[in-house]
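Construct all of the structure, not just a fragment, from the sequences and the given hints.
Residue numbers (this note's numbering), protein chains in the order written: chain A, 2 to 208; chain B, 2 to 208; chain C, 2 to 208.
Note that these hints are calculated values from the structure, not bench results. Among the hints, a few may not be true.
Said to hold, decoys possible - Partner residues aside, some chain C positions facing chain A, computed with beta carbon under 7 Å:
| hint | residue |
| --- | --- |
| 1 | E17 |
| 2 | M71 |
| 3 | I89 |
Said to hold, decoys possible - Below, a sample of chain C positions facing chain A; criterion: calculated Cβ distance under 7 Å:
| hint | residue |
| --- | --- |
| 4 | V21 |
| 5 | P65 |
| 6 | G163 |
To be verified - Covered by chain C, according to a simulated footprint, are these stretches of chain B (three or more residues, beta-carbon under 8 Å):
| hint | segment |
| --- | --- |
| 7 | 17 to 27 |
| 8 | 65 to 76 |
All residues carry an ideal CB built from backbone N, CA and C; glycine is no exception.
Now for the letters of each chain:
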Amino acid sequence: MLETLRENILTDVDSEDLRVIIISGPVFSSGHDLKELTSARGREYHMKVFQTCSEVMALIQDIPVPVIAMVNGIATAAGCQLVASCDIAVATEKSTFATPGVNVGLFCSTPAVAIGRAVPRKVVPEDRLEEETLGIAQRVCQSSRPVVALGKATFQRQMAQGRDAAYATASKVMVDNLALRDGQEGIQAFIEKRKPVWSHKPENVHD
Amino acid sequence: MLETLRENILTDVDSEDLRVIIISGPVFSSGHDLKELTSARGREYHMKVFQTCSEVMALIQDIPVPVIAMVNGIATAAGCQLVASCDIAVATEKSTFATPGVNVGLFCSTPAVAIGRAVPRKVVPEDRLEEETLGIAQRVCQSSRPVVALGKATFQRQMAQGRDAAYATASKVMVDNLALRDGQEGIQAFIEKRKPVWSHKPENVHD
Amino acid sequence: MLETLRENILTDVDSEDLRVIIISGPVFSSGHDLKELTSARGREYHMKVFQTCSEVMALIQDIPVPVIAMVNGIATAAGCQLVASCDIAVATEKSTFATPGVNVGLFCSTPAVAIGRAVPRKVVPEDRLEEETLGIAQRVCQSSRPVVALGKATFQRQMAQGRDAAYATASKVMVDNLALRDGQEGIQAFIEKRKPVWSHKPENVHD
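Now the structure itself:
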């Protein structure tokens, strides 16, 4: 899909007749194919996946024509990153945006490079204060501790870097995240349609 | 006008009695005088215009008293940049903000230095998704391709720099933009009150 | 209080069972104890206060578990900085946020490191344009000129730096601010429950 997107973006990019690109449709709702991310495929393969993804996102900002994201539904993970990487985004009110990777043990560190640069970082809602706060806290507690720790540290680190350095940092972190025991457990659980059982230990799968 | 603004800002700036500056009135609605920007005036003159403009905008942030923009109407191009350069902005609901330089073939690259640092970058509106998206796409297509390409590339580049380096980058780009065949065509068309005929070629007027 | 907060944050921080921290309660409404900031305590003591504060704020972002601010009331000065330093903030509508240090002659330069990185910088309200603008201008004029000048210059400077360098810059500035005649006058007036009489001169208390 990333290669198809890249090919599509590069088609006629230097033609004078290409003036603007509109991206729409189900591409926003798809994240990475988790079956490609099991440890069976190996670290080098994982590195290639996230490098390709980062390259395509950077490409969108580097080509000479404006790219508009037209969103009407769910935009998640790399799909949400794709919206944030476009020059302009137009979305219906029923559209929702999420980076749910942490639920399968893979913190959305590369999406955060684009999203952290596109939207204000703090959200301050209404009156159900304790309910909201505890709800967020519970969602954190249902996640793997080392995955959250890696994601939090990486967010602070990459936000202080330029875009290209930030993508290099975050791409490597995605691979490190996959090598974590909990990174692989989350993906296995997703494939086997069961709830993940986190070790909460910062250990690699091959330690 | 820029020189008058500079003089006004510097008047009594070191006096203990000057404590705050309020800028208001038609100054926000005026961009550059396009007649000053034809190729007849030459590259050096253009460089001076944009350097002076960048210096005045930086000056507003560098003087020791707070500067408040009081806006009640249209703020465009360098006027919009002026609002974004002030320490505080107060505007009525009927106020509008725009950087329409691309319509006359001169992308607002220097205004984007201040605006890109003052407001969030993505806007996500309502339900008329396709209409909105196609409307934006059409406005892009009515612009000169090399002008848009130069503007897009410059935005990404200057946002990764500190303010002073960003203004140096963007000021030079404004001059390069003016040297483009389409940069001069846009300005000539504006002066002659006709629609511009873009070449869409990244060629300089003297090539 | 800062030391207590630091101890609380560090308690069990490396335990696998700690997964999220929620900060709530009156901690947000307390700024620094102004009695600690009189010139009688000396420059070294002041430096220690602001360094400790900056360290605790950075610590919140550097520990491996997410920290949620649960706010239901007034968050001011270092309390407002604390909210901005948390990974996530949830606040009721009755919550208010302010950095009122300038009223006692001590510009909130260290809070601005966190707040300037967490919220968009410009606020554009409604129709009472002149009233609003003049209200802001009057509040500026009721403040000490050298204190405002120091605060404005520091904001521009620290925003161009990385977080840790920004805190080093701002911490030193807080101490310089305290050494100003008007910095001490503001604090003395607060302690003596009278209105401050600003000198508006950029002189140190021991000059």
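Each hint tested on the structure:
1. E17: Holds, about 5 Å.
2. M71: holds, 4 Å
3. I89: holds, 6 Å
4. V21: Holds. Min distance 4 Å.
5. P65: With a closest approach of 3 Å, the C:P65 hint holds.
6. G163: holds, 5 Å
7. 17 to 27: holds (count 5)
8. 65 to 76: As far as the segment 65 to 76 of chain B goes, the hint holds, because 7 residues have Cβ atoms under 8 Å from chain C.
Figure legend: structure checked against the earlier numbered hints; every hint is met.
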